[in-house]
Amino acid sequence: GIQVEQSPPDLILQEGANSTLRCNFSDSVNNLQWFHQNPWGQLINLFYIPSGTKQNGRLSATTVATERYSLLYISSSQTTDSGVYFCAVGFSGTYKYIFGTGTRLKVLA
Amino acid sequence: NAGVMQNPRHLVRRRGQEARLRCSPMKGHSHVYWYRQLPEEGLKFMVYLQKENIIDESGMPKERFSAEFPKEGPSILRIQQVVRGDSAAYFCASSLGTDSGNTIYFGEGSWLTVV
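For the protein sequence lines, the chains are A and B, in the order given.
Okay, so the first sequence: first residue is 170 according to our numbering, each after it adds one.
Okay, so the second sequence: first residue is 2 according to our numbering, each after it adds one.
Source of the hints: derived by calculation from the structure; they are not laboratory data.
Glycine included, C-beta positions come from ideal geometry on N, C-alpha and C.
Misleading hints may appear alongside valid ones.
To be verified - Covered by chain B, according to a simulated footprint, are these stretches of chain A (three or more residues, beta-carbon under 8 Å):
1) 205 to 212
2) 256 to 264
3) 268 to 275
As the list claims (entries may be wrong) - Take a look, some chain A residues computed to stay more than 12 Å from chain B by CB distance:
4) P219
5) S229
6) R237
7) D250
Produce the complete structure using the sequences and hints provided.
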C-alpha cells in the first residue's frame with residue numbers, strides 16, 4: 170500500500186549544528202509539503218515542494234520525485250527549531266495528503 | 002484572521018456523550034480535510050470533503066464518526082457515544098483543490114478528552 174516514511178525518527182542536536190531529514194514515499198506524487206509541529210501542537214507550513222529545491226532562511230528542501238524522496242535541511246539550528254517535522258504527500262489521482270511518521274527534533278542550548 | 006478556524010480548542014466529554022468539532026476553512030477554500038493525532042503519534046487521515054459532498058472517507062471509523070460540509074456554515078466532525086480511545090487532537094485543513102498546486106493549511110486543532 171501507499172507508504173510515507175521519514176528518517177531519522179529522533180534527532181538531538183547542539184545549537185548551531187546542521188541536519189538533514191529525509192522523507193521516502195512509495196508512489197508518484199502530485200503534492201508534497203513539509204510541516205513543523207511545535208511543542209504547542211501547531212502545524213506550521215514550511216514548504217510546498219512536489220519537485221525541485223526551495224530555500225527559506227535557514228531551511229531548505231529538495232524533492233526528487235523520480236526517485237521518490239524529499240529532504241529537509243536545517244542549518245545553524247536553534248532551540249526554537251525543536252518539535253516534530255512531518256512530510257505530507259499527495260499521491261497522483263487524489264487531493265488528500267498522507268503524513269509520514271515524523272522526525273522528532275530536539276535542539277539543545 | 003483569514004486562517005483555518007477550529008472550535009472548540011479543548012473539549013471534555015464523558016463516555017457515551019457526543020462530541021461536535023467545527024472547522025471554518027480559509028476564505029475561498031472549498032476543500033476540507035480532517036485528521037486525527039493520537040498522543041505521541043503522527044497525523045492520520047480521516048475524511049476529505051468538498052461543499053455538500055464527502056469525497057474520501059477511507060480513514061473514518063465505520064461506526065460513531067460522521068462528517069459534513071454543508072453549503073452554508075462550517076464543516077462538522079461528529080463523534081457519537083465517545084469512548085476513552087477517542088481522546089486525541091483533531092486537526093482540520095483546507096485547500097483550494099487545484100491541479101496546479103494544492104497547498105493545505107491547518108487550523109490549530111481541537112483537543113478532545115474523554116473521561
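Status of each hint after checking the structure:
no. : hint       : in the structure
1   : 205 to 212 : holds (count 3)
2   : 256 to 264 : holds (count 4)
3   : 268 to 275 : holds (count 4)
4   : P219       : 8 Å, violated
5   : S229       : 18 Å, holds
6   : R237       : 19 Å, holds
7   : D250       : 19 Å, holds
Hint 4 alone, counting from the list given before, is not met by this structure.
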